Each structure stands twice: as C-alpha cells, then as structure tokens.
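In order, the protein sequence lines correspond to chains A and B.
Position 211, counted from 1, in the first sequence is what our numbering calls 211; the numbers after and before it change by one each time, with no gaps.
Position 201, counted from 1, in the second sequence is what our numbering calls 201; the numbers after and before it change by one each time, with no gaps.
These are computed hints drawn from the structure, not numbers from a lab.
Hints are supplied without guarantee of correctness; some may be wrong.
[Said to hold, decoys possible] With a cut-off of at most 27 Å between alpha-carbon atoms, the simulated DSS-like pairs for lysine-lysine come out as follows:
| id | chain 1 | residue 1 | chain 2 | residue 2 |
| --- | --- | --- | --- | --- |
| 1 | A | Lys-2 | B | Lys-98 |
| 2 | B | Lys-98 | A | Lys-92 |
| 3 | A | Lys-2 | B | Lys-2 |
| 4 | A | Lys-281 | B | Lys-98 |
Keep in mind that this is a model prediction, so the values were computed, not measured.
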Amino acid sequence: MKRATPYLLLFPALLFTVFVLAYPLAQNLFNSFHSVSLVRGTGDWVGFGNFEKVFQDAVFWLAFWNTLVYATVGTVLALVIGLAFALLLNLKIGPITSVMNVIYTIPWVISPVVAGFAWKWLLNDNFGIVNHWLVSLGLINEEITWLGSADTALACVIIARLWQFYPFAMVMFLAGLQSIPHDQYEAAAVDGATAFQKFFHITLPNLQSVTAVLLLLGTIWSFNDFNIVFVMTRGGPINASMVLPVLVREFSFVQFDLGKGSALSIVIFFLLISLSLVYLKIISRREPE
Amino acid sequence: MKRTAVILLLLVLAALVLLPVLWTFATSLKPLTAVNAYPPSWTSPDMSFQPYVDMFFFMPFATYAVNSLVVATIATVLTLLFGSLAAFAFSRFQFPGKNIFLLILLLSQMLPGASVIVPLFQLLTTIGLYDTIIGLALTHTAVLLPFVIWLLYGFFCCIPREVEDAALIDGCSRLGALWKVLLPLALPGLGGTAMFAFLGSWNEFFFSLILTNSDTTRTIPVGIGLFVGEFQDVWNQMSAAAVLFSIPPLLVFLLMRKTFVKGLVAGAIK
C-alpha cells in the first residue's frame with residue numbers, strides 16, 4: 001500500500017497527460033501512415049504517403065523557413081530590446097523606474113489574441129495610425145498594406161511577436177543584472193575600466209547563462225506560436241507569413257486532410273523535441289545537482 | 001542633465017510600448033463614423049462608451065464571457081486539485097520512475113498544441129465532447145496541468161518536512177497531513193497558482209478555436225480571433241471587446257505584480 005501511494009497521487013495527473021500527450025502521439029503516428037479525411041473518415045494504409053505530400057508541398061517549405069525566421073529573428077530582437085530596457089531600468093533613476101517597469105511589462109500580460117488584434121488594427125492600411133504617421137512625416141509616399149502584401153506581412157507578425165516577448169527577456173535580464181556582485185564593478189573601477197569595458201567584460205559574461213536560456217525558450221515558444229500569426233494574417237497573403245502551427249490547422253481543418261496534418265504534426269514534434277533536449281541540457285548544466 | 005535625458009527616453013519608450021494598447025482603447029470609444037474617417041485621429045468629438053454596449057448585440061459576447069468564466073473555473077479547480085496531489089507525490093516521496101515523470105512533465109510544456117490537436121479533435125469527436133464546454137475545460141486542464149504541477153512542486157519543496165512529520169506523529173495520515181498541514185502552509189502559493197491557471201485558460205486560443213464550433217460554446221478569445229477576419233469594419237466594437245477581455249489579466253498583474261512575475265519566471269525556468 002505504502003509503495004503505491006505516490007502512484008495513486010499521480011494517477012489523475014497522469015491520466016490527463018495520457019490524454020494530451022501519449023494518446024495524441026500514438027494516434028498521430030497512426031494517422032500519418034493512413035489516409036484520414038475529416039469528411040470521409042479513416043481509410044487505407046498509405047505508408048509514407050502523407051509525409052511525401054507534406055515534403056512535396058511548397059507551402060510546407062515556405063512555412064518551415066518562415067517559422068525559423070519568425071522564431072529566431074523575433075527572439076534575438078526581443079532579447080536585444082529586453083536587455084536594453086533592463087539596462088535602462090537598472091540605472092534606477094528615482095521612483096519613475098518602477099512605474100516604467102510596470103508599463104514595459106504590460107505587452108507580456110496581454111492575451112496573444114488581443115495583441116494580434118491590436119497590431120492588426122494599428123497597421124490597418126487606411127485607418128491605422130502607423131500609416132498615417134509615416135505618410136505625414138513623408139517617410140512613405142502612400143499607404144502601405146502592411147499585412148496584405150507579401151513583402152511586409154512576415155516582418156509585421158515578427159514585430160508583434162517581439163512586442164509580446166521582450167518583457168519576459170527584460171524581467172529575466174533585470175534579475176540577472178541585479179545578481180551581479182558589486183565588487184566586480186568596484187574592482188574594475190579601481191583598475192580604471194571604462195563603462196564599455198565594464199559592460200563587455202563584466203555585465204555580458206555574467207548574463208551568459210540567462211541569455212542561453214532565453215534564446216532557447218524564446219525560440220521554442222515562438223516556434224509553437226499559433227496565435228499572433230493566425231489573428232493577424234492567417235498565414236497570408238498567399239502563405240507569405242505562413243508558419244508551421246497555422247499550417248497544421250490549414251492541412252487538417254481547411255483541406256480536411258487529417259493524415260497530412262498529422263504527418264506535419266510529427267515533423268513539428270521532432271523539431272521541437274530536439275530543441276527541448278538542448279534546452280534541458282543547458283538548464284541541467286546551470287543547476288548541477 | 002543626464003538624468004533628464006534618461007527620463008525622457010523612458011517616457012518615449014513607454015509611449016511606443018503602449019501604442020497598440022492606447023490605439024485600441026481610443027478606438028473602442030469612437031463611433032463608427034469616426035473609426036472609418038480619413039485621416040485617422042486619436043480622438044473624435046463624440047466619444048462614448050456606446051461601443052461597449054453595442055458589442056453585446058452585434059455578437060453573443062455575453063455567452064462567450066459566461067463560457068470563458070465556466071471553462072476557466074473548471075480548469076482552475078481541476079488543475080489545482082490534481083496538481084497538488086501530483087506535486088505532493090513529487091515533493092514527499094521517492095519512487096521508481098520519478099525522474100522520468102518529471103522529465104515528461106517538463107517536455108510536455110514545450111510541446112506545441114499543433115502537434116497534438118488532430119488526435120485530440122478526433123478523440124473529443126468520438127466521445128461526444130467536441131464543441132462542448134466540458135470537453136474544452138478538460139482540454140484546458142490537461143494543457144495547464146504540467147505548468148501547475150511545476151509551480152506547486154516548487155512551493156511544496158520549500159515547506160520543511162518537519163512540520164508534516166510532527167503531524168504524522170500526532171496520528172495524522174499522509175493525506176491528512178497534506179490536507180491539514182501542507183496545503184494551509186502552501187496557501188499563498190496555491191493562490192498564485194490558481195491565478196495562473198485561471199488566466200492560462202482565460203487567454204487560451206488555439207485549442208478553444210479548434211475544439212469549438214458554435215456560438216453556445218465559444219470563449220471570448222475565439223470570438224475576437226474569428227471576428228477579426230470576418231467583420232472588418234466594426235473595429236470600435238471589436239476594440240471594446242478586446243479591452244473588456246484584457247481587464248482581468250491586467251488587474252491581476254497590477255494587483256499582484258510580484259507574485260505574477262515570480263511565478264512566470266519560476267514556471268519558465270524550472
């Protein structure tokens with residue numbers, strides 16, 4: 001009895017994990033080797049047919065590269081901005097700092113759907129304030145259809161994404177900055193180090209592990225992100241801003257091809273697992289136990 | 001001088017950061033004629049809260065709001081209940097397979113909804129829970145559980161075992177000790193966790209979008225997310241809905257800032 005206690009305690013949670021993890025993975029595997037249609041139900045074994053369909057689909061490759069760009073560029077920019085904001089807040093210029101800290105964190109608190117919505121409206125070609133300002137300032141000659149043109153759509157969703165993610169980096173960097181021992185700076189000051197030297201030889205090296213964690217987490221989360229892109233562009237125009245999570249919905253519930261959708265899910269799963277394992281490696285190195 | 005420059009910079013950045021939020025809020029107060037006027041401007045002479053009333057007639061937002069509340073409440077109660085049992089097991093017992101379970105928990109947090117959605121859809125359809133409130137609430141519970149367990153695990157580990165051992169000596173059972181000693185001590189942590197679970201479900205969009213298909217089951221984010229594509233011109237009412245929907249997360253953040261930030265950071269790192 002005593003030995004069974006922990007398992008009994010875990011049982012309900014385990015049941016749910018099976019429901020969202022074990023079963024879906026198994027079923028996905030099954031689906032991906034069968035022809036499964038949302039309308040006609042499950043059909044024959046098709047071998048790697050669904051995977052072939054995915055890999056031969058030009059949209060998959062487009063979405064694959066878009067997702068990589070969306071995840072990496074968005075994350076790197078968010079980290080740079082987050083660090084800049086953290087450094088500014090760390091100057092601790094009076095009580096305004098804590099008010100600004102709250103304000104700068106707000107984008108992170110807002111639901112992704114609302115964030116996507118707000119950016120979409122802000123960038124609206126005729127009635128959005130961004131176009132109006134840019135035209136008034138003479139920076140552009142006529143209104144740009146930011147989300148409606150293939151050249152700018154991806155950049156716009158990346159901006160919205162980084163707007164949502166940078167506060168997380170800021171909070172983490174701020175905590176990191178505040179944990180750097182003061183004597184390091186004092187010693188550097190005694191040796192006559194300039195502000196630049198202090199930044200590159202003390203601040204940045206001390207933030208190394210936080211940066212690594214943020215880079216990976218940010219990449220993983222953005223890689224998984226469906227919301228911003230779906231709300232702002234639905235992957236359009238003509239798939240110019242298509243990312244993999246939105247494409248799964250497209251294959252499965254718009255093209256009604258659950259087999260193809262499942263095959264793509266499996267591809268995403270393996271991409272993600274490899275990223276996650278790297279992440280686990282990094283955090284386990286950080287906290288040797 | 002340098003101080004003034006920094007303050008100025010901070011203020012400019014604040015305005016930039018808040019731009020989407022402020023623009024949405026301004027829009028939510030304008031009549032439709034002002035929203036679709038060219039050139040766009042921040043204010044209009046006849047601003048009012050009328051769009052906040054109209055939105056309820058334009059879309060079934062009252063139903064969506066009730067659905068969101070019910071789903072989030074069920075998900076919060078279930079995740080807290082099952083989560084504390086699991087966290088109790090992890091923090092107080094040594095058992096074979098423990099590390100594997102913890103690893104699975106961690107990995108499942110990294111997994112995108114997109115990689116499990118098709119089978120979930122099939123499963124819910126098969127057992128008759130597709131497009132139902134309870135199906136959605138159970139899905140949210142499952143999705144949020146790993147995060148909740150991690151958070152609670154962290155809180156439980158901080159409570160010294162001696163307190164419980166004392167209770168055990170006094171004749172309490174293991175579960176009795178959890179209920180009477182551990183939970184009350186972990187109450188602040190539980191409160192924070194409940195808040196996260198609630199907001200997690202409140203904001204959840206992906207599963208809610210795909211696993212519902214009618215106005216009687218949709219939640220607010222689905223209403224907003226779908227609505228953006230379909231009715232382009234009523235931006236003022238959409239903005240009003242977006243503002244109302246954002247109040248709970250914003251309030252929680254402003255009132256419990258320390259817990260909020262700490263929890264998100266802890267949940268992400270652990």
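Here is what the structure says about each hint:
1. A:Lys-2 to B:Lys-98: Measuring from Cα to Cα gives roughly 16 Å; hence the hint holds.
2. B:Lys-98 to A:Lys-92: Outside the cut-off at roughly 44 Å; violated.
3. A:Lys-2 to B:Lys-2: violated, 66 Å
4. A:Lys-281 to B:Lys-98: Holds - the C-alpha atoms of Lys-98 (chain B) and Lys-281 (chain A) are around 19 Å apart, at most 27 Å.
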